[in-house]
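Asks: Knowing the structure of chain A, use the given hints to seat chain B on it.
What follows is the residue order along each chain.
Number of protein chains: 2
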Amino acid sequence: MKPISGGVTAALGFNAAGIHCGVKAGSLPSKKDLALIACETRCAAAGVFTLNKVKAAPVILSNSHLTDGAASAVIVNSGNANACAPREEENALIMAELTANGLGIPITDVLVASTGVIGQQLNTAAITNGFSKLLSALGKNSSDAAEALMTTDTYKKEYALEYAHGGKTIKIGGICKGSGMIHPNMGTLLCIITTDAAINPDLLNKALHEAVRVSLNRISVDGDTSTNDSCFILASGLSGAEKIDAEDEAYAAFQHALKTLCIHFARLLAADGEGACRLITCVTSGAPDELTAEILGKAVISSSLVKAAIFGADANVGRVLCAMGYSGAEFDLEKVAVTFTSSAGSIAVCHKGKGLVFDEDLAEKILSEKEITIDINLYSGNHSATCWGCDLTYDYVKINGDYRS
Amino acid sequence: MKPISGGVTAALGFNAAGIHCGVKAGSLPSKKDLALIACETRCAAAGVFTLNKVKAAPVILSNSHLTDGAASAVIVNSGNANACAPREEENALIMAELTANGLGIPITDVLVASTGVIGQQLNTAAITNGFSKLLSALGKNSSDAAEALMTTDTYKKEYALEYAHGGKTIKIGGICKGSGMIHPNMGTLLCIITTDAAINPDLLNKALHEAVRVSLNRISVDGDTSTNDSCFILASGLSGAEKIDAEDEAYAAFQHALKTLCIHFARLLAADGEGACRLITCVTSGAPDELTAEILGKAVISSSLVKAAIFGADANVGRVLCAMGYSGAEFDLEKVAVTFTSSAGSIAVCHKGKGLVFDEDLAEKILSEKEITIDINLYSGNHSATCWGCDLTYDYVKINGDYRS
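If you read the protein sequences in the order shown, they are chains A and B.
No gaps in the numbering here: position 43 of the first sequence is 43 in the working numbering, and each next residue is one more.
No gaps in the numbering here: position 356 of the second sequence is 356 in the working numbering, and each next residue is one more.
Extracted from the complex, chain A is given alone in its bound form:
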């Protein structure tokens, strides 16, 4: 398995485009806000959506379009979430129709996603006017599409990799965006994955859910689960590799590659959380089961106090133990060990549930790096889980103090 270029267009059969059409009044012409990802063939397709009870119209529409396990295009706008907004259902349908007509495919093979401000009517005139430009730009333009997805993200997010199986090369890649309203409880955020693997839709759906469970569902930026989170995967089958039709070795190889891709995206998204300076990785090990490890890790990376302490490079282990305590998971505090690690070194801060006296200068040096790992060992079993988050900074407050304007 190795990384390759091409992002969401790396897999055979896929093209993409991203343009500015002016979804948001007064936005800069340089800010792309409309993306299209399309495959030259009909794909097996699956999705994971937000668990928020308030679901945006595009989420409901895309979910219904996936009931047959097939799709061939995804249209996405940024600048407006088309959620809790006047005429949201109609407007999501307009986007799907434009795409279906433009590509000459059935409307039920189009997936739709929107991201941006909630509660304001979507400017579909801008989308309709810009659509022919979008269509004519369709090509190997993954970067443009990734850019068009961005809201408060500070960099575009694309990644792809390939692996060999049964004498064939299979490619898998994608694009995604954060970076606020991110909380582990669903397929967080927007993420569009493409592959040229041939795979039956049920197995594709299973593989996607399993990959999201250990990646996108294990990150948190601010504890807020969005109304629009959607993660799509489209499989063209054009790799020439044999169709994956059972949970065999080929499925395992595909699952491994998909998981690797999703974990890469999870790290990118957490690191680019709104206002973030540092990526926090929490590895909980020695757990009696994976769920216990996951619940504890999620509580730690979601704690505002842990996040603010990491921003201040303050090795405040009390906040880690406090978050574990209110997580709801069962554990034996008397056995817990905690270590803070980064490229600058490693320091033990808790042994058998009691805070240790440690070298504060070394601790500050370790916590001043861009990537911090909080290692928690429960010494109560052999299971583990890794979760990702980011620090809480002045910029998070600044970004969210006046997001709409």
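For the record, the hints were derived by calculation from the structure and aren't laboratory data.
Take these hints with a grain of salt, some might be off.
[Unchecked claim] List time: in silico DSSO-like cross-link candidates among lysine-lysine, alpha-carbon distance up to 27 Å:
id	chain 1	residue 1	chain 2	residue 2
1	A	Lys-53	B	Lys-352
2	A	Lys-31	A	Lys-140
3	A	Lys-259	A	Lys-2
4	B	Lys-24	B	Lys-354
5	B	Lys-24	A	Lys-365
6	A	Lys-24	B	Lys-352
7	B	Lys-398	A	Lys-365
8	B	Lys-354	A	Lys-53
9	A	Lys-398	B	Lys-370
10	B	Lys-53	A	Lys-352
11	A	Lys-354	B	Lys-370
12	B	Lys-398	A	Lys-398
13	A	Lys-352	B	Lys-24
14	B	Lys-243	B	Lys-140
15	B	Lys-168	B	Lys-2
16	A	Lys-370	B	Lys-398
17	B	Lys-259	B	Lys-206
18	B	Lys-354	A	Lys-24
19	A	Lys-243	A	Lys-206
20	A	Lys-398	B	Lys-365
21	A	Lys-243	A	Lys-2
22	A	Lys-243	A	Lys-259
23	B	Lys-335	A	Lys-53
24	A	Lys-168	A	Lys-243
25	A	Lys-31	A	Lys-53
26	B	Lys-365	A	Lys-24
27	A	Lys-24	A	Lys-53
28	B	Lys-259	B	Lys-168
29	A	Lys-335	B	Lys-53
30	A	Lys-2	A	Lys-24
31	B	Lys-53	A	Lys-354
Replies: Just chain B, lined up with the frame of chain A:
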């Protein structure tokens, strides 16, 4: 019922003191850090404690001292939480013993509380050395005791009121502190309430739990439930009023006064949340039951995105609807109305689940006041609940970026 002065010493029989003893190395001599509240008689007593699984030693000790429903003194230090710390059980006992010996009462009649940094050993030498000074300062010094409780609080919190019942006057008052690691799931924070009502311990316990349920348990500052939260009540019976021994009219009057006191404290604590500029009150009405209203309100006041928007005086109703959506409560979005209100006016921002176009200048004026009310009407019943929170500011991040030093 009317407010009176005297705080925790307003009720007959109670004295208090607060001094500086130097719990935290290098703290200013002007920072009081040790408080004692004592009654001249043995009191009916009850407590509500944190639900965090990681409980500080003083929480466990005080809980055990309350099994007989009686107590007569509370000793509290700030500057160190005595949680996850070496020798924490011994150190909590030392504080209880000092108090028992000093006042000549059984150790099981002493309640202990600590607040401050977690994971560091408590300096009991400072407490032992300062204790005689504390004891000799015992008098009508509620303010000193309130000051000694403070950590990142920006002002001391004391309140008292009296009401007449059966021809007698009954006083009830208290002191409390916040202001981080505050989340509704327990008797948040430290709160010590005294009264001269005569009441049996079971009813006192019931009244306290009911009052805390609708007050201290309905506030959030940062979503983190502390290891040390404790709310105590001591009833001296010295008012001369008949003993409350059944859930009659006298109990109802006492319950009403206690609830009023606790709601006053809840508002004070939320308004003085770490870094806070504004108090947010969320009133959820038209609910099919109180629990639904409470779950929705708690989600709204706990949302980092709602909190940051209020800091920025940004009427972002999408974030309110989003938080309601992931709260876990059932509701019909199509009926929801949301209004933002303050002393500067009132503005409707959502009708039947859809965001409204509104006067942005007026909205900003309304949200620039110190107290903001978010009114949510579900139009699905006659129940309601009120929750309190605060905005998320640069100062929250600053305070928590380097709390230990």
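Asks: If a hint holds in the structure, say so; if it doesn't, say that too.
Replies: Hints versus structure:
no. : hint                  : verdict
1   : A:Lys-53 - B:Lys-352  : 16 Å, holds
2   : A:Lys-31 - A:Lys-140  : 19 Å, holds
3   : A:Lys-259 - A:Lys-2   : 13 Å, holds
4   : B:Lys-24 - B:Lys-354  : 52 Å, violated
5   : B:Lys-24 - A:Lys-365  : 24 Å, holds
6   : A:Lys-24 - B:Lys-352  : 24 Å, holds
7   : B:Lys-398 - A:Lys-365 : 19 Å, holds
8   : B:Lys-354 - A:Lys-53  : 15 Å, holds
9   : A:Lys-398 - B:Lys-370 : 19 Å, holds
10  : B:Lys-53 - A:Lys-352  : 15 Å, holds
11  : A:Lys-354 - B:Lys-370 : 41 Å, violated
12  : B:Lys-398 - A:Lys-398 : 13 Å, holds
13  : A:Lys-352 - B:Lys-24  : 24 Å, holds
14  : B:Lys-243 - B:Lys-140 : 25 Å, holds
15  : B:Lys-168 - B:Lys-2   : 14 Å, holds
16  : A:Lys-370 - B:Lys-398 : 19 Å, holds
17  : B:Lys-259 - B:Lys-206 : 12 Å, holds
18  : B:Lys-354 - A:Lys-24  : 18 Å, holds
19  : A:Lys-243 - A:Lys-206 : 15 Å, holds
20  : A:Lys-398 - B:Lys-365 : 19 Å, holds
21  : A:Lys-243 - A:Lys-2   : 21 Å, holds
22  : A:Lys-243 - A:Lys-259 : 19 Å, holds
23  : B:Lys-335 - A:Lys-53  : 14 Å, holds
24  : A:Lys-168 - A:Lys-243 : 12 Å, holds
25  : A:Lys-31 - A:Lys-53   : 31 Å, violated
26  : B:Lys-365 - A:Lys-24  : 24 Å, holds
27  : A:Lys-24 - A:Lys-53   : 26 Å, holds
28  : B:Lys-259 - B:Lys-168 : 20 Å, holds
29  : A:Lys-335 - B:Lys-53  : 14 Å, holds
30  : A:Lys-2 - A:Lys-24    : 38 Å, violated
31  : B:Lys-53 - A:Lys-354  : 15 Å, holds
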